[in-house]
Amino acid sequence: MLRGRCCTWTVVRTQENGKRQGRAAGQRRAPAARARHRTPPPPTPFGAYVEAVQTGNLLFLSGMLPAIGHEPKFVGRLGKELDANAGREAVRIAALNVLSAARHKLRSLDNVTRVVRLCVYLATEGDFFDQPRVADAASELFRDVFGEDKTSVRMVLGVASLPLGMPAAVEVILEVEA
Amino acid sequence: MLRGRCCTWTVVRTQENGKRQGRAAGQRRAPAARARHRTPPPPTPFGAYVEAVQTGNLLFLSGMLPAIGHEPKFVGRLGKELDANAGREAVRIAALNVLSAARHKLRSLDNVTRVVRLCVYLATEGDFFDQPRVADAASELFRDVFGEDKTSVRMVLGVASLPLGMPAAVEVILEVEA
Amino acid sequence: MLRGRCCTWTVVRTQENGKRQGRAAGQRRAPAARARHRTPPPPTPFGAYVEAVQTGNLLFLSGMLPAIGHEPKFVGRLGKELDANAGREAVRIAALNVLSAARHKLRSLDNVTRVVRLCVYLATEGDFFDQPRVADAASELFRDVFGEDKTSVRMVLGVASLPLGMPAAVEVILEVEA
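Protein chains in written order, with this note's numbering: chain A, 1 to 178; chain R, 1 to 178; chain P, 1 to 178.
There's no promise every hint is true.
Stated by the list, open to error - Straight-line distance between alpha carbons at most 25 Å, and here's what the computed DSS-like set of lysine-lysine pairs gives: (1) Lys150/P - Lys150/A; (2) Lys105/R - Lys150/R; (3) Lys80/R - Lys105/R; (4) Lys80/R - Lys80/A; (5) Lys150/P - Lys80/R; (6) Lys150/P - Lys105/R; (7) Lys80/P - Lys150/P; (8) Lys105/P - Lys73/P; (9) Lys105/A - Lys73/R; (10) Lys80/A - Lys150/A; (11) Lys80/A - Lys105/A; (12) Lys80/P - Lys80/A.
Source of the hints: derived by calculation from the structure; they are not laboratory data.
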């Protein structure tokens with residue numbers, strides 16, 4: 001459960017020997033094998049929408065921005081004011097907001113059975129073509145958190161602009177236990 | 001049912017005392033509490049696609065443009081030829097086309113149990129960052145029509161261009177009775 | 001099954017008399033009525049994601065690019081380095097990658113019961129507004145392959161940039177037999 005403005009939660013990363021732990025389908029992740037990520041408080045909408053809607057086994061999440069509260073952590077475009085490394089960090093913050101919103105809705109990320117679709121939007125200008133490496137910041141976070149067997153499909157695109165001038169947005173569909 | 005080129009349909013907005021009417025889940029909206037919106041005739045495709053596909057309980061709709069028939073009602077980009085208020089009106093027309101297409105497919109919008117996902121695409125140029133307020137024109141219309149308990153997740157982005165130079169497109173996924 | 005780098009597969013197009021063949025729902029397409037398309041080998045990811053995820057009856061596919069292997073077949077923007085005809089060919093290659101990935105996942109495209117959603121992303125610059133005709137290259141291919149009764153909804157948009165500078169991406173959701 002989220003308490004206060006910032007909190008931690010635990011995820012599988014590796015066993016002590018550095019290898020990923022094999023698990024049968026549906027088996028819970030062993031607490032001993034969890035690493036700790038720090039997530040922001042659950043995001044709140046910038047307009048007349050909600051952060052998560054479940055329909056059947058699918059949980060749709062709003063596009064998340066690299067903001068804490070409504071304060072942008074990055075402003076600018078990749079290929080102009082910002083480089084790929086800043087883009088990766090912006091994508092990572094947006095992806096942490098995805099996790100925070102999902103956990104807030106589901107109570108526990110253990111109820112996620114698959115990351116179905118990940119879409120990464122990057123505000124770019126001119127000849128910035130390193131989108132896949134920047135988008136990997138989200139894919140790698142989700143792989144660490146959910147495990148490689150839950151990896152999603154992906155779309156990544158360069159857009160003209162995003163709300164408040166932020167450089168990235170991350171939008172996800174999850175499959176969850178009914 | 002749609003008859004002729006333009007027609008009206010009724011939606012809940014408020015009770016006579018100005019408050020939203022509480023309803024149990026699944027309860028029909030009271031006719032007495034309905035306001036009237038005017039919707040365009042059901043849109044027709046600009047290419048080799050259809051306007052609506054239902055799979056299970058989900059109704060996917062094509063991206064709708066601010067056009068009546070195939071005639072654009074707005075041309076230009078936000079931040080260049082058009083301002084945010086024009087953008088809001090363009091988004092509203094596109095969202096009315098969403099409603100018209102959904103009603104044409106479902107016979108009645110009473111069969112909509114949830115607005116799942118709303119994506120608003122805005123053609124922008126330069127430093128236009130007021131996307132949330134413009135996108136709210138769609139969110140607010142759907143809230144008026146379907147009620148606050150059916151509010152969707154949302155993605156809003158600035159794009160480089162849209163068909164025929166129009167400034168906005170609205171794409172929606174609805175949850176419907178099976 | 002796909003064998004080697006390039007292979008063919010068969011689709012219904014027309015009967016000998018030039019008319020589409022009527023089929024009852026669920027009926028297999030007659031081999032005699034099939035035309036042959038040449039598809040690339042199944043695409044491999046450009047990052048930490050997978051090409052296809054099935055959840056329930058829906059098959060989500062990653063955004064596909066006009067590349068064979070990881071080699072771009074087109075680089076540039078519509079309205080600047082490339083014209084609409086090049087865009088159409090790029091969209092067609094990306095759409096063939098969609099088919100290749102779907103067949104690789106499903107074993108046979110006969111398991112597709114509907115093309116639900118098609119999204120065509122085109123990298124554009126300036127006043128390029130011929131998106132519908134370019135996107136039709138994907139819609140027409142899918143109509144040829146799956147038949148007109150399986151036609152999808154569609155979104156088409158001009159974006160600022162796509163991975164490696166390619167001019168188009170095609171993203172699809174299919175409905176499949178459970």
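Okay, the hints, checked on the actual structure:
With a C-alpha separation of about 29 Å, the suggested pairing of Lys150/P with Lys150/A is violated against the 25 Å cut-off. With a CA separation close to 19 Å, the supplied pair Lys105/R and Lys150/R stays within the 25 Å bound. Our distance criterion of 25 Å between C-alpha atoms is broken by Lys80/R and Lys105/R, whose separation comes to about 36 Å. Taking the CA atoms of Lys80/R and Lys80/A, the gap is about 20 Å. The hint holds against a cut of 25 Å.
Between Lys150/P and Lys80/R the CA atoms are separated by roughly 40 Å; this puts the pair beyond 25 Å, and the hint is violated. Simply put, Lys150/P and Lys105/R have alpha-carbon atoms about 16 Å apart, close enough for the 25 Å limit, and the pair holds. A hinted pair counts as satisfied when its Cα atoms are at most 25 Å apart, and Lys80/P with Lys150/P does not qualify at roughly 34 Å. Between the alpha carbons of Lys105/P and Lys73/P the distance comes to roughly 24 Å, so the proposed pair stays at or under 25 Å and holds.
Taken as a hint, the Lys105/A and Lys73/R pair is broken in the structure, with Cα atoms around 39 Å apart against an allowance of 25 Å. Proposed proximity of Lys80/A and Lys150/A is contradicted: the alpha carbons are some 34 Å apart, above 25 Å. Distance restraint check for Lys80/A and Lys105/A: the Cα-Cα separation of roughly 36 Å exceeds the 25 Å cut-off, and the hinted pair is therefore not satisfied. Under the criterion of a C-alpha separation no larger than 25 Å, the hint pairing Lys80/P with Lys80/A is consistent with the structure, at around 20 Å.
In summary, the structure is inconsistent with hints 1, 3, 5, 7, 9, 10, 11 from the numbered list given earlier, while agreeing with the others.
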